[in-house]
Amino acid sequence: MAVTRTPLTGNSSSAATAAASDALGGASKAGSGERPSLARRVVARHGHPREWVWGYLMVAPLALGLAGFYLWPIVQSVYYSFTSWGAFGGQQWAGLANYRAFLSDPQLPKAAWNTVLYSLLLLASIPASIVFAALLNQVRGRSVGLYRTLYFIPVVSMPAAVAMVWRWLYNGDYGLINYLLSLVGIHGPHWVSDGRFAVYAMALVGIWAVVGYNMIIFAAGLKGIPRHYYEAAELDGAGRVRQFFSITLPLLSPSIFFVSVITVISGLQMFDYVLLMLGRSNPALADSKTIAYLFYEYVFLDNEQGMGCAIAVVLTVVLLLLTAVQFRLQKRWVHYA
Amino acid sequence: MTRKLSALLCAAALVAAASACSSASSAAGGGDATGPVTLTYGIWDPNQKPAMQQIVSAFEKLHPNITVNIELTPNADYWQKLQTEAASGTAPDVFWMSTTRIGLYAGQGQLLPLTGRSGFDNSPFPASLNSIYTVGGKQYGMPKDYDTIGLWYNKKLFDAAGVAYPTAAWTWQDVIDASKKLTDPAKGTWGIASPDWTQENLYNDIYQAGGWVVSPDKKSSGFTDAKTLAGIQYALDFITKYKTSPTAQQMTDTDPSQLFASGKVAMFTDGDWDALTYKNAPGLQADVAPLPAGPQGRATVINGLANVIYARTPHAAAAWEFVRFLGGQQANAIQAASGAVIPAYHGLGDAWVKAMPQFHLQTFVDQLDHAVPYPVSANTGPWATADQTILDQIWAGKLSLSAGAQQLKSTTDADLAKG
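Going down the list, the protein sequences come from chains S and X. The numbering of the first sequence is the working numbering, which starts it at 1 and goes up by one. The numbering of the second sequence is the working numbering, which starts it at 1 and goes up by one.
Chain X on its own, in the form it takes in the complex:
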């Protein structure tokens, strides 16, 4: 009797385990086109979830027959999970998309084009952001937020060295001169941190030098262009020539943003997303200025997220209603008030700027005037990964810039050729 009982229990446990796996996928469904509809909205940032929930509530009030469930997946697992879901037809109806993945997802038919849908209007968003989310002449992403890069500086270290704070009039030479005066080996402080990070550092320098990363037809890369190399050389010189930046090894062991936050580094080009970190860093008195002008003038890379619709959603009409709402003024105003990101919608940056009055956050908004789209292609991931490995070797001094540039060019071009 007891033996039978235990076998039964085992069998029951097995069935329970098996059925637990399959219950998750049925959540995406929810009635036909006329009846009540349930949408799933995939996001990855827990800090932004409250704002997203507010937006959803406002949307549900306007559309009583549509329910939106937010599905939060931590960034570490988000793309892996999304790709698996997309392959099996179970991705969320609406989800966040990044610039580095839009080419892959739109190019492989995983997203619905937004261009041509009733009421589609991309005029409130920065043109550079719209262009990144346009693939093959059609826009697939409704811009959600954006980020630009600024020159963060430590006021205490500037005061101690008697150097005037950076201004909008600064050029590369001003940064070089200041970095020399601000470097103090005895105290263990450096003038600047110049890692081989592309978005925060190198791409900006490349564009300021008049160089380019990926050609407009997305078929070749500009790593052997003399101007592109001049941009990379400028960033590298801080380590090899002027010795005013920590080395690649030092910045690998201790993240440059950590070095800046702890007052070891006087200048660091970094995005607006680290504002909160620097605000909360104990003892840090920092501010931010526009990026310096290079030989060809000013430039900052602009990057940002967008909301997209899954191609195989059974509720395309409802999903579009939701995405249109996400791209509207009301939803962007809610995002702005949360202070987490700069909303993509034109003129709504003020609330975000006012959230941290100790910094000149307006800098990030003003730099839109010379923003260059973050370079992407049909499949950005493979060459971006390969490039980083090669740049790491150049930064570590194991590869000369000229030899490394040849490698960057050939690897990137090979990946671009695959489409």
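Extracted from the complex, chain S is given alone in its bound form:
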């Protein structure tokens, strides 16, 4: 089944991306002192407003598309979350009924915990990505492209295909992973049909799929660290490990911050692996549902679109709060050079 993210939650991630990169840009602006912004200087020099008109015209196609296909649906979703839907439309005002029903859904605590657990596990991709990026930074010559491609392939692979292949690898009786484990005398479990393991199995695939993307961001961050810092550190007698923790990590912290914001947002929206790797009939499903999967069940299996919108609104609010908290905390550990 083809799975697409909802416009509502999908937008929140792109908005946060924009906000995060804005923060990065904003910081560098602060560093450059009191000079007026580039746009203002351009206008001041040329003096006629036609440049502005053209600017808006150029942005218009994208802005109109964004307003029509993202912003307006968000407004609609918020409205629909207060309505009750028939299977074929014809919604009625329902007040807070959807929110009440969702918050008292007995499946909610477990699903919320699974979602949080998955997101926390997904954060493990950050140290892994940094290590890979640092290693890749050491590689010289043509093979850099090869390694970069290898690590990036999971990012551009179809989630459906990824899920199918991993499902096969995870097969309890005939899977490659359990076969390899059996060689060292371990009797592997049924990874994706046992409720005790399924969330971890999915998180491993999630990490595997995202490492390549994070790695590219960190590699770019590493390239931005001036070499003479390391030379100076070497003169001062700092070893490789000390250099990593005292120079690399602090100067990479803006990238780490950006990646962690993105990771938490995508982790909390996890849905595709539950449907594609576990499927709708699976003894592990009851223990492995996520918030976004509950959304899918309500909307596409039970025809309760109003309820689905309520879930999306709650998820978006939680995401916004979490992202706001991350932005507040960044002041304590993110160093902008």
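Keep in mind that the hints were calculated from the coordinates and are not lab data. Be aware that a few hints might be false.
Here are the computed lysine-lysine pairs in the DSSO-like style, where the Cα-Cα straight-line distance is at most 27 Å [said to hold, decoys possible]: (1) S:LYS110 to X:LYS398; (2) X:LYS409 to S:LYS110; (3) X:LYS243 to X:LYS155.
As the structure is a computational prediction, the values presented were derived from the model and not from experiment.
Keeping the supplied structure of chain S fixed, place chain X upon it in accordance with the hints.
Same frame as chain S, now just chain X:
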């Protein structure tokens, strides 16, 4: 100059993109009642498209002023798309309908009743199938095809274990005894695969035990009836008591039909639709026998598709002409010759049976005599989904059957009460 040009191009691209979205919906129209009419026919199975196209061509020859466009939507997107189209008034004029959705679509006024239309005749179709597509005393679907369940078995494994092939005289006890003899842990083969699938397994067992799923008034479910539980217990015992079936986890990781096709499982109750899979499975020598008799005798669930007319079609008369033709002998004969499904029309199963002579496919047709309609209600989807989740827990051993039955009963009844 170049700047203006590029802005123009951007604007043009935007208009093109916007208009591409709206062009699809206008295809359903096509002239007034007297002039030429174009109908849209919504289907989801690409394997059946050639047969449907043949039927359409035959129909167009008889009705030169009606054109039928087949709109194929893969099954994964079919219902989602149809529901959206129905909500916005743009669903196909005629489309395929399943038993699990008929209550919802007919009950919510999305379909035109067929009962009472000129020339309506449902006598060539199995009565159990007609009954599923009858809502509130009116029939909404013209049966298209049907499927029943049979006991598929692996001849090689039976021969190796020295067990006689299943016959029409077999009872539950015969299946249990055979499954024990056919299970060989050393070779990794099981006697039977008994998943918690409702249509292929549990509903049949429930009816064979004399139990019931949904009451005739569609207001309550029978999951706490002792006979219903006996049927579910029989299926569950293969895993928990006799250990002659792979576990729920094993059958989740590897589909039971795959286990059967690859010779890991000796018996599997499955529908006629997998005949082609088993025919093409390398090294598999399989055949099919009628389902065994339970404490209350024989029973198989019957399910099948139907052709329906969209309530808001602007061409109701032409749509009815087409649906009447789809329910006629000529159209069903074309379906039978294609070999993909058993046509619903009485007496036309022969061509389908002969398509795969290595199997006793006649079994599926003969079992019509004790076919029980697939259980449905006004909105089958929600409780069918909820039931499956609970059954999954029972099958995984996390929930006892008695406690699970209480949950099945309360969830299903709550959904039935919503209508």
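Structure-based check of all given hints:
1. S:LYS110 to X:LYS398: 16 Å, holds
2. X:LYS409 to S:LYS110: Holds: X:LYS409 and S:LYS110 sit about 23 Å apart, inside 27 Å.
3. X:LYS243 to X:LYS155: 21 Å, holds
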